[in-house]
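Asker: Sequence:
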Amino acid sequence: MIVPWLIFIAMGLITYAGFLKLAARLLRYSVSWKSSFLFAGIILVAVIFDHVLAFSQPVAIRIGHGVVLLLGLVILGGWFFSGRGTNRRGTVLGWAGGMQLMALTFAIVIVAAFAIVIPAQIFLSKHLSPATKRADEANLPLVTNQS
Numbered sequence: 013m014i015v016p017w018l019i020f021i022a023m024g025l026i027t028y029a030g031f032l033k034l035a036a037r038l039l040r041y042s043v044s045w046k047s048s049f050l051f052a053g054i055i056l057v058a059v060i061f062d063h064v065l066a067f068s069q070p071v072a073i074r075i076g077h078g079v080v081l082l083l084g085l086v087i088l089g090g091w092f093f094s095g096r097g098t099n100r101r102g103t104v105l106g107w108a109g110g111m112q113l114m115a116l117t118f119a120i121v122i123v124a125a126f127a128i129v130i131p132a133q134i135f136l137s138k139h140l141s142p143a144t145k146r147a148d149e150a151n152l153p154l155v156t157n158q159s
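Numbering-wise (the working numbering), the sequence shown opens with residue 13 and increments by one.
What the hints contain is simulated information worked out from the structure, not anything from laboratory work. No experiment lies behind these values; they were computed from the predicted model shown. The C-beta atom is built at its ideal place from N, Cα and C for all residues, glycine as well.
Derived SDA-like pairs: lysine to any residue, alpha-carbon spacing no greater than 25 Å straight-line:
| # | residue 1 | residue 2 |
| --- | --- | --- |
| 1 | K46 | G84 |
| 2 | K33 | V129 |
| 3 | K33 | A58 |
| 4 | K46 | I60 |
| 5 | K46 | G102 |
| 6 | K33 | F92 |
| 7 | K46 | G106 |
With beta-carbon atoms standing in for the labels, derived distance ranges:
| # | residue 1 | residue 2 | range |
| --- | --- | --- | --- |
| 8 | A22 | G95 | 23 to 29 Å |
| 9 | F135 | G84 | 33 to 39 Å |
| 10 | I19 | A125 | 14 to 20 Å |
| 11 | M23 | G84 | 21 to 27 Å |
Using the sequences plus the hints, can you model the full thing?
Answerer: Shown next as structure tokens:
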């Protein structure tokens, strides 16, 4: 039971560290793998903590928590990589460079997530529920067992 969770956590850390390195490469910054994995671990802890806090809250509050978490992680990443990354001239990134790196990293993550989620939703909506599709095509009401 714990092995799937450990695999999920490991894949999350590897994926985020890879996206961070990709963003650094696109901006022509240099960031070590050690710093990338360390910050990925910090993000993992922050996201788990946020989910624990907002677990039983209404959707609007959970979305608010997510937005605040995202802004907080961009600021934290700006501070974290201000002294741990270098730009193309070899000087440290500073706050502005660190925040640019974080903003691009989160933008890449969001684009990749939508590139996976939207086609998956389309595929599942077409292939998962044939009973619903037949009822829609025949203009019949879908009857469900509500007992």
